[in-house]
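Undergrad: Take the sequences, apply the hints, and build the full model.
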Amino acid sequence: MFNLRADLKTVFKDRGDDPQYHRATIQYKVDSNSINIPIKIKTRGHFRKLSSNCKYPPLFLNFKKSTIPKNSVFNNLEKVKLVTPCQADKYVVYEFLVYKMYNLITPRSFKPSLVKVIYQDTVKNKSSKPYYGILLEEEEQMAKRNHSSPLEKMGLSPEGTEKEEFMKMAVFQYMIGNTDWSVQFQQNIKLIMDDSLNLPIAIPYDFDHAGIVRAPYAKPAPELQLGSTLQRRYRGYCIPEMKQFSAIFKSFNELKDDFYALYDGNPLLSTSYQSQTLKFLDRFYETINDPKKARKAFSYPCNKSGTGNIVIKGLKKNK
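For the sequence shown, our numbering assigns the number 970 to the initial residue and increments by one for each residue that follows.
Treat the hints with care, as some may be off.
[Unchecked claim] Computed beta-carbon distance windows for the label pairs:
#1 1039 <-> 1260: 51 to 59 Å
#2 1279 <-> 1001: 53 to 61 Å
#3 1115 <-> 1243: 26 to 34 Å
#4 1207 <-> 1039: 47 to 55 Å
#5 1039 <-> 1192: 46 to 54 Å
By construction, these hints were calculated from the structure, which means they are not laboratory data. Don't be surprised by glycine CBs; every beta carbon is placed ideally from N, CA and C.
TA: Here is the structure:
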């Protein structure tokens, strides 16, 4: 647990399209010693940055390496995202577990750390209760860990990315009930490349609109014609030959026990949420292991009269 100390009223008011960095301090204890790390913070995101949606906006934490103690949990960090509670911090825990699931699928994913944060306004001299948050590695750090470089390329078609990695990602998004993404507009998607001769790899993030998270504010885009985020829709591109999904489905079946272990008996989760989530995942596995259901679900983008080819533009500012 750490304290985030700053003129928070000023920071949280700075939610426009071009937020500025503000001075802040991270404070925590090691044994009986108080450690203080000076940093700079600014708001980020879009939906969760809006004060009408969330009290605490997501933040960028900008560290200066020379100020971080060598044995600190913040060692080797320069810039990190802090995912903050929007309407209840239990949804932060739920989103954290989604990141952990994708970590099981591929190392080409963002690594999360679940933390508890106390927000301390240094002007008002007031402190919040402890809230859960997610420290999420920054894009360049994730790319470097995978011997790659970030790629900013708007308008790239999904077919222009590495196929196997894209299919894993798209099936995962279907599994968790997330439709709030697109490669073309890099909506909740980052691209990395390990070599100029290879195709880019699509990396997902920001899962609060996924059905598995059950955030009360999350709703699918109206143009998708879905009743709720609990209604799944495969949003990959058209692959008419279902045998191309065989290896992907096999890998998901092999990971089933590991996925379920993240939820079953987890002391951070209510028994009702555990039960709801395991049933939600059960329905996914019923689909991929039934040829008729799988064809209906995963060939949906081939239906020209459906909504499978709609591109979600989103609201991309300071992601």
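Undergrad: Evaluate each hint against the coordinates.
TA: Verification of the hints:
| no. | hint | verdict |
| --- | --- | --- |
| 1 | 1039 <-> 1260: 51 to 59 Å | holds (55 Å) |
| 2 | 1279 <-> 1001: 53 to 61 Å | holds (57 Å) |
| 3 | 1115 <-> 1243: 26 to 34 Å | holds (32 Å) |
| 4 | 1207 <-> 1039: 47 to 55 Å | holds (52 Å) |
| 5 | 1039 <-> 1192: 46 to 54 Å | holds (51 Å) |
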